[in-house]
Structure formats: C-alpha cells, structure tokens
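Undergrad: Spelled out, the chains give:
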Amino acid sequence: MASDPSTEDITRLDFLVIGGGSGGLAGARRAAELGATTAVIESHRLGGTCVSKVMWNAAVHAEYLHDHSDYGFEAGQVHFSWETLKAKRDTYVSHLNRIYRNNLDKAKIQTIQGQARFTNDPEPTVEVNGKKYTAPHILIATGGYPSVLSEEEVPGAGLGITSDGFFELESLPKRSVVVGAGYIAVEMAGILSTLGSKTSLVIRQTGVLRNFDSLISTNCTKELQNSGVDLWKNSQVTSVKKIDDSLELTIATRDPEKKNDEEKISTIGQVDCLLWAIGRQPNTFGLNIGAIGVETDDRGHIVVDEFQNTSRPGVYAVGDVCGKALLTPVAIAAGRKLAHRLFEGKKDSKLDYSCIPTVVFSHPPIGTVGLTEEEAIKTRGKDNVKIYKTSFTPMYHALTSRKSQCLMKLVCVGKEEKVVGLHMQGLGCDEMLQGFAVAIKMGATKSDFDKTVAIHPTSSEEFVTMR
Amino acid sequence: MAALCRGRHRWKTYNFLKVLTRTLTGKYDYDLIVIGGGSGGLACSKEAAQLGQKVAVLDYVEPSAIGTKWGLGGTCVNVGCIPKKLMHQAALLGTAFKDAKKFGWQIPEALSHDWSTMAGGVQNYIKSLNWGHRVQLNDKKVKYLNMKGSLVDEHTVKGLTKAGKETTLTAKNIVIATGGRPKYPTNIPGAMEHGITSDDIFWLKKSPGKTLVVGASYVGLECAGFLTGIGLDTTIMVRSIALRGFDQQMAGLVTEYMEAYGTKFAWKCLPRRIDKLSSGALQVMWTDTHTGSEHQDTYDTVLWAVGRAPETKALGLVKLGMELNKETGKIIVGSDESTSVPNIYAFGDIGEGRPELTPTAIKAGRLLARRLAGQSSQLMNYDNVPTTVFTPLEYGCVGLSEEDAEKRYGKDGIEVYHAFYKPLEFTVAERDASQCYLKVVCERGENQKILGLHFTGPNAGEVTQGFALGFQCGATYWDLLNTVGIHPTCAEEVTKVHITKRSGLDATVTGC
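Listed in order, the protein sequences are those of chains A and B. Numbered per our numbering, the first sequence spans residues 1 to 467. Numbered per our numbering, the second sequence spans residues 1001 to 1512.
Bear in mind the hints are in silico, worked out from the structure with no lab data behind them. We put the beta carbon where it would ideally sit given N, CA and C, even for glycine. Any given hint might turn out to be false.
[Claimed, not checked] Cut-off 25 Å, straight-line C-alpha distance, at most; resulting in silico cross-link-like pairs (DSS-like, lysine-lysine): (1) B:K1313 <-> B:K1411; (2) B:K1101 <-> A:K174; (3) A:K106 <-> B:K1501; (4) A:K350 <-> B:K1098; (5) A:K88 <-> B:K1501; (6) A:K88 <-> B:K1411; (7) A:K86 <-> B:K1206; (8) A:K86 <-> B:K1449; (9) B:K1165 <-> A:K346; (10) B:K1326 <-> A:K174; (11) B:K1496 <-> A:K106; (12) B:K1098 <-> A:K403; (13) B:K1501 <-> A:K86; (14) B:K1102 <-> A:K108; (15) B:K1422 <-> A:K106; (16) B:K1422 <-> A:K88.
[As the list claims (entries may be wrong)] Simulated coverage check for chain A against chain B, where a stretch passes if three residues somewhere in it have a Cβ under 8 Å from a Cβ of chain B: (17) 110-121; (18) 125-139; (19) 306-313.
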C-alpha cells in the first residue's frame, strides 16, 4: 500500500543532487548561488580528487633525478619511499575533502551522508537513511567505478585490484602487472614503472590508446616500451592463482598475423600487484532508477539529451554516469550549465561537447583536442584533409643521456585549412594544450597559427612554425 | 670644412656612376647579401635561397672585452635564449630535487652543483647548433663567409677576415641583421676591466661564485635567477624598477618570488666603482639613492646587464648617411624594414622600435626575403607578440599590460579578471605559491575582447603559446569561459578565471 504523501514527512527542496563528485557539487553550488534551496546526497567522500596527478608528479621527479647529474648536480644514491608519498597525498586529499565540506556549508547546501534510492511515490522522491526528499528538479551525478571481470570469465580475477585499490596500496609493489590499453592503464603502468616497480602491461591488441589519433597510439606504445615497461601485445590474462605471498598469472597470446590459430600460453610469477584497468561502468547501484522510468543504454549509462534531460521530466544526469566524455571539467561545466538553465531561466544553456581537450599523464604526457586524422578523413573525405606533422627532441635533453621525443600533428580540413584536430606527445604537452584549445574552439585556421608569433625557446612554438 | 664637403660630393658622384654602370649591366655578385648570421639573418638568407636567389651571409663575432667569442648562429644560439634556458632548467632541477623529498624520494641532505659539468654540456650543445647552422646554409646553397661586413655603398659590402684580408662583394639588395651587444656602463671606474656581461657568463670555464648582477631587465633577472638556483650567493642591484616595459604588477610577483627563493635585491642602488683586491675578489662600492648612504661589499663576479646596443660604427652606416636613432644608435626602419638608403634593409634587434626577440626576427626575415624576391607583399605584423621571461617563477604574456590598457581605454573601459592559483605540484611539496597568478585584461562591455593576458607559474612559456594564438584570433573573455578546462593543469585556471579586480573580492581560487 502506498503511503499518503500528504501525511508523510517529506523534505521539499528546489534542487536535489545525488552524488557529491565533480559534476554534482558544481551543479549544486551554482544552483545555490542562483537562489535554489539545494541538498547533496553522498554515500562516500565528497569531491572528485585528482590523486593520480600527485602520483604522476612523484614519477616525474623520478625522471628528473636521473637527469640531475647530467645538469651538474652531484647527489649520491636516491631511494623512493611510497609510505611518505601516500601519507602526504592522503593528508592533501583529506584537506580537499574539508574544503569541499566548507564550501557547501558556506553556500548553505545541505549535505546528506548515505545511499540514495528512488521510491515508488508518484512524484520522483528519494529516500536516504529512512528519510524522504523531493524536488521539482533532481540531478543524478553518481559517476562510475572501475569494471571488474567475474570469476567465470577469469578465475582468480578478484585477486587483482582496480584503480580504486591502487590508491589504497601501502607500499610500492615490486612486481606489477597492469591489464588494459586505455589512458588509465597507461597512466598506472607509467607511474608504477617510473617509481621503481618492475611493470608489465597486457593489452588485447597491438597498441594502447586505440581511440586516440594513430600518431599518439603508435608513439605512446613505443614510449612505454622505451621506458622499460614490459609490453604483452595480443594477450589476455586467462587465470590468476595465489602462490604463497604473491600471484601467478596465466597469459594467452594470439598473434592475428600468424595463419594457424594457435595460442601461446605463458605465465608471469611472483606478481605483487595485478591491476585491472579494463574500463569503467556507470554507478547506478542501489538507485532504483527503474522506479521512476529513467532510460539507460545497454551498458547501464543514463540516456540524456543535449540539455542533460533524462527520459523522466524533472530528472537530469551529468558526468560519468552518462558515459560521454568522462572528464572532471566536462562534468563541472555540464552541471553548471544545467543550473543556469533550471534556475536562471537560460533556456538554451547547455554544454557544447565538441572540441573538449584531454591530457593523458603518461611519460611524456599526451595532449589532444578535436578530431583524429582518421575521423576527419571519414567525415570530410581524404581530399579535404591536410595534415601537418613534426617531431623533435626537446632542448631539455640537450644535456641528458636519457632522451624522449616530442611529436605534434595538426589535422586541417577544407580550402581554408580549418584546424579540427591537434594531437601531441612530449615534455610540457600537458600545460601546452589549454591555450590552443581556446583557439581551435574559436575556429582557428592554419593561417591563424602561422600568423601567431612564436615564444622562444619553448616546445610549443613548433605549433606556430609548422610547414 | 668646405673642402670636406666638396670631397664628399665628389666621392658621392663617383659612387653614383659606379652604381649606375653596374645597374645598367645588371651584374652583381649576389641577389642578396645578409650581414649578420643570427636568428634573423639566417632565416632571411635561407628563405631567399629557397626562392631561387643567389645569397651570401656574412657572420663575424667580435670578441667580448674579456675575449669570449663563439660560432655561427648569433645571440640567441650562443649567448642568449638557448644557454639561458638550459641553465634555467638546471636551476629548476635543483628546486625539483628539494621537492622530491616530499614526494617520497630519500635524498642525501647535501646537494652540490658542479658548474663545469653544466657549462660543458651547454657549450657542447651550442657548438652542435653552430655546426648544424653551417650544414643548413650549405644544404640551402647559401654562401657563408666568416667575415666582418661593412657597407661601402648601397650595393657594395666589404668583408674583413680575422687575419685582415679584405674582400669586396656586390649585391642587388643588402640586409643588415647584426643585432646588438651588451652595454658596459661608461661612468663607473673598473666596470669594463673587472666586470663581465651576458656575452661571457655562459662561456665561463669556472663557476662565477658570489655574483653581483647589475640591472633588472629580463636579462639581469634571468641570470640572477639561475645563478641562485644552482646554489650561488647572488645579488641584483636595481637602479629604479624591474622589467621596465612589462606589466608592473607581474614584475612585482616575479621579483617577490625571487627574493623568497634566495636572490638578494639591492633596490634603488647605483654602483660607483669596482676595484680588484689582491685576493682576486672584486670590491664594489655603491650608493643607496634612497638614503644617500654609501656601501661596499666583495664579490667574485660582477655581471653588467644594463642594456644592449648595436655596433653601428663598424658597419659604416654613418658614412652612408643612413638615418639612425641618436640615442640608441639603432637603424630607423620602415614597416617594410627599409632604411633611409635605397636597396638596404635592416631588421631584428638592430631595428629601432623592434622587439628584441628571436621569433619576430625570424618571421620578419622570412617575409622580407619573400618581398625582395618579388613573391609577396606581406609585411611583418609586430602586434600581438607573446613572450616569456624565464625567471625562477616564469612569466608569460601577450598583449597589453594593465597600465597600457588603462591608458588607452580608461580605467572604466577595461575589466580585469584575475586569480591567485596553486599549482598541484606545489601542494605535496609544501611550496609557497603566493606569486602564482594570472590576469586577463578585457575591454569592458558585452563583447569583452581580450586586450592582454598575463600568467606567472611553472611552464609559463608552454602555457602562453596557445593563448597567444587565441589572442591573435581575437578571443574574448567568453571564448575562454566556453573552452573546457584540462584537468589537472595550471593552464586551465585561465579558462576558469571569473573574479574581477573591480569587485574587490579575494581572488584566491582553490584547486580540485
């Protein structure tokens, strides 16, 4: 029997946000600024944190330390303490959690700790810890979580960890195996290897980052191998066994080039850390969105239109739970645009999902925005696409025995050579991309690039002097 | 006096006839002679050769006062951008070393730096670039002559080798791209005898030790910056202000950081004399113009960074009647790099009013070559030139300073968005980020076109280039806001900036 809403104790708000990550908090804060009474429901910790970048910074230091003597510095043996780093990193994360908390309190946004669940009430209503909440506008921003393989698919899969588990590690694993070819796998393998763990990377095909431009995919695969990561191509982990204190992995390798369909079976033993980085899934666990008729796709992502509306009026979704452009700034931007649409009457307020710049914190880092060469050729035809490329050794390496390359590519279309894609890998590419993303979003052409005077000496100047 | 005039007139007539004959016969040794093998000269000569012109380039390095000399490539390659950036990098690595401890790296307490390892590496790299340039000129079929060039008339150049041998060359057009050299103060006893300049610092075989840098232009700040970074006791002596011509709020942040970082500043001080002591150390006496008091201290090295000037006398320009700026000695040039003498052009550092930057010289040189070859009429655009100062805390900028924008549009005509941000890498390292800052100066109103963009922080050079492109395309404040940020980086803060100076609100932004 349904309870009578008029007699029940239901808290009414203007805006209810489920999920206190990047997208949820940004939307909530902007809505509160615009005058909406807002509450955020979070089942774990507040704030989306970029711990991974802190780990990448530690690894970058490792590379610098190798270069020190080349630059004249005399230092003896250097050791790495994972414990020191973890302690400082955790302190920083707690500090950020507190800042988030304070920001919400200052904005008079109610924070509700607990697991949210949609009820069967006629109006969309959420129950948390036995209490009910409703609002004319409800935002689902529950994010995602790393995918795992079941015991049926790979016996012993549960003996491995995911990127969530990576940040719980108490010490640097001596021997690591990372499975996956996406940016998370690349970043994790890079960090572990550079900090001193003997690392293998197992990928199903022949290269990493297969959805990126082929220049990046090929080069990143090469750089990983050059940096000492043991790369297993055309391979899959078929089973995992625990032997004493460590793991033994069984790997099946099938070379598609070879005519006979035979598989080569190998093992990697004495593995301290098996890290699955095989994808992420939307987090709608326990939400009971079926009760309110919110449509999802076959992978469980919430389906939204360009304005972040779900199939149920009054219910919206942003961020990783939607499955499109899984990036913090995208979630933040979409959350804010939604707040302006709902509470400031800006009917057209929505996020433009084209030309979103991305950086992969590999060694060296990768920057990319816009279409890949392949995508441009597919949509505009080979005759309409012109490519500009360059590669060089950054001047930083003039004094070092260790070298890395910098690769850059511009994808241009049409007679006016409009730049629709920019791709690069090399030292400094992480900080280089942002400004170029502004110009490309504005519709810059190759001629605009040529007209811009270079800044010397930098790596970025190579983009404005390409021939 | 009259006789002199008559003599000159006769010489002019003689030259005119010679030129006339030559023009009529159309017989020149070269289509183009470039005097000066630096960033501008090399770019110009190679471009001209590629367009089918017969080109020669003359390059010669007059040794510095203490005898330092170098090979082909000009200031940038040998005694400017390149060695400065490499030594700046060495200094940054020293700081990174200290940060590394907080990131878990267990490093011995004592860290020392060896000058000769660094200088040796830098000098070897520069020599490889000298060689690379020689090879490139050869490949592009540009005739390279290691001779000191001077002008005889508008079609004739005289080349002088180190040994004293003279050669005369003729050309349809002549380009002067001889750049400049550091100035020595003229009125300070001991300045030239005991001090060095940026011509020398990168080529020293031994560490400069305790150093006094006189001058707070970017040359002075950058040198003092890397010397401090590699562990040397360094002081900068400033007559009035730092980074003259740059946005002064940003200049303040740069010097504040340097002071916190360990560089000593002697503000509003003027050196009076330098004496060499029997120990070999240098005794410097100076006046604090603020209080009027006299001071002295000893240093191992005194580095003059008090400005640069061209060597126009040796070029024979006065004789030719070429118009020069009396104060600076630089050549007065038109928007097409022409001088007051027909068929003779000048660009790069030697042009009056031109930015003293490698990329503008390169671009201007290439465009000039195309115009002289009759392939184009495009002029060099000297607006919207971005630049970066490679001090310990780097500063990148493009467009107008806030002061200049205020002057042009009025305080009420501009809107300044700003933010104090903290680079993520400073957090775990527990480093003070008080001077990491950015501001976007916009035209006030609906459009909010960006008039100037300023950024202090790590990798400022790499951050600024892309924004300079946006600036070139006429970006507005809204274009910045409509661009999704890249996370986590320092650059993204530019796309998130939203607090105006006008609001008076605290501009400190939190990260993630």
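Undergrad: Of the numbered hints stated previously, which ones are contradicted by the structure, given in increasing order?
TA: 1, 4, 5, 6, 7, 8, 9, 10, 13, 14, 17, 18 and 19
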